[in-house]
Amino acid sequence: MASSSISSCLRLFTTRSFLSPKPRKNLSFFYKPTSFAKNPLSKSLVAVSSSTSTSPIQPVEDLPPKLQEIVQLFQSVQEPKAKYEQLLFYGKSLKPLDTRFKTRENKVEGCVSQVWVRAYLDDQKNVVYEADSDSVLTKGLAALLVQGLSNRPVEEIVKVTPDFVVLLGLQQSLTPSRNNGFLNMLKLMQKKAVELVFESEKAGGSVEGSNLGSKNSKNLTLERKGDGVGGLESKVESSSQVGSGKNLTLEMEGDSGAGDNGSNSGGLGSRGMRIRDKLEKELRPVVLEVEDISYQHAGHAGVRGSDGETHFNVKIVSKEFEGKSLVKRHRLIYDLLQEELQNGLHALSIVARTPSEV
Amino acid sequence: MEAVVPKLASFNLLNPKSKSKSAIRRFSSALCVSSSPSVTSTDSVSLGHITRPDFPILHQEVYGSKKLVYLDNAATSQKPIAVLKALQNYYEAYNSNVHRGIHFLSAKATDEYELARKKVAAFINASDSGEIVFTKNATEAINLVAYSWGLSNLKSGDEVILTVAEHHSAIVPWQLVAQKTGANLKFLNLNDDESPDLDKLKEMLSRKTKLVVIHHISNMLASILPIEEIVHWSHDVGAKVLVDACQSVPHMVVDVQGLDADFLVASSHKMCGPTGIGFLFGKSDLLSAMPPFLGGGEMISDVFLDHSTFADPPSRFEAGTPAIGEAIGLGAAIDYLSTIGMQKIHAYEMELAKYLYENLLSIPNIRIYGPKPSEHVQRAALCSFNVENIHPTDIATLLDQQYGVATRSGHHCAQPLHRYLGVNASARASLHFYNTKEDVDEFIHALNETVSFFNVFK
Chain A
1 MASSSISSCL
11 RLFTTRSFLS
21 PKPRKNLSFF
31 YKPTSFAKNP
41 LSKSLVAVSS
51 STSTSPIQPV
61 EDLPPKLQEI
71 VQLFQSVQEP
81 KAKYEQLLFY
91 GKSLKPLDTR
101 FKTRENKVEG
111 CVSQVWVRAY
121 LDDQKNVVYE
131 ADSDSVLTKG
141 LAALLVQGLS
151 NRPVEEIVKV
161 TPDFVVLLGL
171 QQSLTPSRNN
181 GFLNMLKLMQ
191 KKAVELVFES
201 EKAGGSVEGS
211 NLGSKNSKNL
221 TLERKGDGVG
231 GLESKVESSS
241 QVGSGKNLTL
251 EMEGDSGAGD
261 NGSNSGGLGS
271 RGMRIRDKLE
281 KELRPVVLEV
291 EDISYQHAGH
301 AGVRGSDGET
311 HFNVKIVSKE
321 FEGKSLVKRH
331 RLIYDLLQEE
341 LQNGLHALSI
351 VARTPSEV
Chain B
1001 MEAVVPKLAS
1011 FNLLNPKSKS
1021 KSAIRRFSSA
1031 LCVSSSPSVT
1041 STDSVSLGHI
1051 TRPDFPILHQ
1061 EVYGSKKLVY
1071 LDNAATSQKP
1081 IAVLKALQNY
1091 YEAYNSNVHR
1101 GIHFLSAKAT
1111 DEYELARKKV
1121 AAFINASDSG
1131 EIVFTKNATE
1141 AINLVAYSWG
1151 LSNLKSGDEV
1161 ILTVAEHHSA
1171 IVPWQLVAQK
1181 TGANLKFLNL
1191 NDDESPDLDK
1201 LKEMLSRKTK
1211 LVVIHHISNM
1221 LASILPIEEI
1231 VHWSHDVGAK
1241 VLVDACQSVP
1251 HMVVDVQGLD
1261 ADFLVASSHK
1271 MCGPTGIGFL
1281 FGKSDLLSAM
1291 PPFLGGGEMI
1301 SDVFLDHSTF
1311 ADPPSRFEAG
1321 TPAIGEAIGL
1331 GAAIDYLSTI
1341 GMQKIHAYEM
1351 ELAKYLYENL
1361 LSIPNIRIYG
1371 PKPSEHVQRA
1381 ALCSFNVENI
1391 HPTDIATLLD
1401 QQYGVATRSG
1411 HHCAQPLHRY
1421 LGVNASARAS
1431 LHFYNTKEDV
1441 DEFIHALNET
1451 VSFFNVFK
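Protein chains in written order, with our numbering: chain A, 1 to 358; chain B, 1001 to 1458.
Fair warning: there could be bad hints in the mix.
Stated by the list, open to error - Calculated cross-link-like contacts (lysine to any residue; reagent style SDA-like; alpha-carbon spacing at most 20 Å):
#1 K1085(B) with G1276(B)
#2 K81(A) with H1445(B)
#3 K1067(B) with E61(A)
No wet-lab data here; the hints were simulated from the structure.
Note that the structure is a prediction, hence the values are computed from the model and not measured.
Work out the full structure, taking the sequences as your base and the hints as a guide.
This is the structure we're talking about:
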């Protein structure tokens, strides 16, 4: 019985290749203020946290196709032992994760066993996952997620809730602590997907962002904040450390929580002054505050080897931003500061408003 | 009934001075429940077989069709009907707040609560029931000693000796108090036999040592320590000893006067009693000198706006309304255990321990932690183990799902010990007197099949 279920599993493998790269047509949604405002990210994360409550479970059709396949496969296998064999078989499909990826940032919290998840973007900018665990059952669960979510568009990935594990018929076979590990695995994979995509947008090219290097990046916070700024209402913090190539820390703030950055034109080094000058010249701001916060990132691997002036807070109020979405505003600023970005500027934390918004 | 008579000796509660007829009634009802066949065990009818009917929870199937085999007793024990009845009876017949009331119900509740205290004292041979402080559990009891005795007796430079095998509850409170007082914690390592190195302990003890915190039986290693000697050596240097008896009081005779322990803690839920209650034994003179731990009602004498005066022990350390029903339930558990007799329970469990260990050894590539049993070295009836190349959680999951065998996997509240042994986690099977050899057989069978299952997938 075990062999038949394995061979049926193999059949499914060969007929439908899950490595179907899809063109990335979908990132444009980031640029439309209205769709971003309704972005599924915050909704699905809210759904994830309340999935154990009485809300109905996510319909199978909403799952990525590969995951639907997996669900159907498990449902077709009735006997619990055979389900385990199925799970273990999936686990075997995971190639072992290289030790250098078994980092804290890749470790899944709340697992009784040790689980690591790595995510990177391939040439077509699809998120690809790798995972490993010292427990074979957990490895099987990780494999389900890796196969189900790899090479899928990020909007699809973040919509997935852990409800489907119920459909697998494994849930009652999994202890609560293991289930929590599963939930956390999924959340970590979703978080990594979002971060990779954001940072690839910034770099404007394909980026290998495997580890979340910076100690300063905490959990991904996605909050819906309604305020007068029509449009972007989410605050996303992501950072990544890359072996070679650009390091970019991106912080987008769309709400009024900017706090007191203080006017800090004094105490700026040469780069700081150049930033000020450029922005003043091109954007004729009503308010401009540029603050060097590189000291906060001292010791961050991306900073080592440079001579400071790597991280800045920028608060700018200008008419030039009227009619532009937040992302467009940030884009504008980045374009103006291209040269600096090429030469050691690592991160800009930007607050960009129109005079009427202040 | 003749076979029962010798057991009366261990049930020292039953003396002519005992005023409550209800105690006798309870005793005989416990007796009826537990001894329908002859109480003396024969080859075919072990103590496990005799007592199983008293534990309703054991007679069920899990996951539809699998008979439950409960082997997680070191985590918590099951409760006999007598204890369940005592709890129900408390709430049905005489629930009332204790110590202060005037009316009939409260007098009765107070009597029963204090009777339970006497039972605990008698069970561990404390000289006076005033040496028993009821707490929420053993963890709270240790914290009581740490914050009350520790904060007022430890100063910078003083040493507290613990072992690397201690439960977190015996380590963390002392870390917190050491931080506040500037005392140093010293940890005793294991010897080659994976048991605390007692020779090393003798070397570590010095005039700087103020306290030794040590387990009687290890919940992971199954080692049984010679507390009497350890107390002797400690007293020689002027150190006090706090004994963590959570795994010993439920399974063997523990005599605090014989051991001369200064403090001893145990939890009710590990000895067939309800959760929510435990106790601290402390020598009278020690408790009398200790400041309060938690403040509130019950533990005071007079309360003014700017200061209060405090009650004598044990009340001094029992703030607020206690877990009255639970204490009475613990008393009922002690009655039940005493009816059987702790020597008998201990003897049976030693048999089971040997059986478990020997059978476990037959599993290929298994590594059992703790000392090897021999003529001189006894192990408790539990085994923590790992099977090479198989994660203990995988084992425990399949044992549960496929075979209904309840075991535990993880660090068993002993992370330092696991780190010391160089493992992330281990699986553990732990027995109690209501387990049988058949339980062990089923466990071994299930474990064999589980190991084969995972080996196929390597």
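Status of the hints after comparison with the structure:
1. K1085(B) with G1276(B): Status holds; Cα separation ~17 Å.
2. K81(A) with H1445(B): With Cα atoms ~16 Å apart, K81(A) and H1445(B) stay inside 20 Å; holds.
3. K1067(B) with E61(A): Not OK: K1067(B) and E61(A) at ~38 Å, beyond 20 Å, violated.
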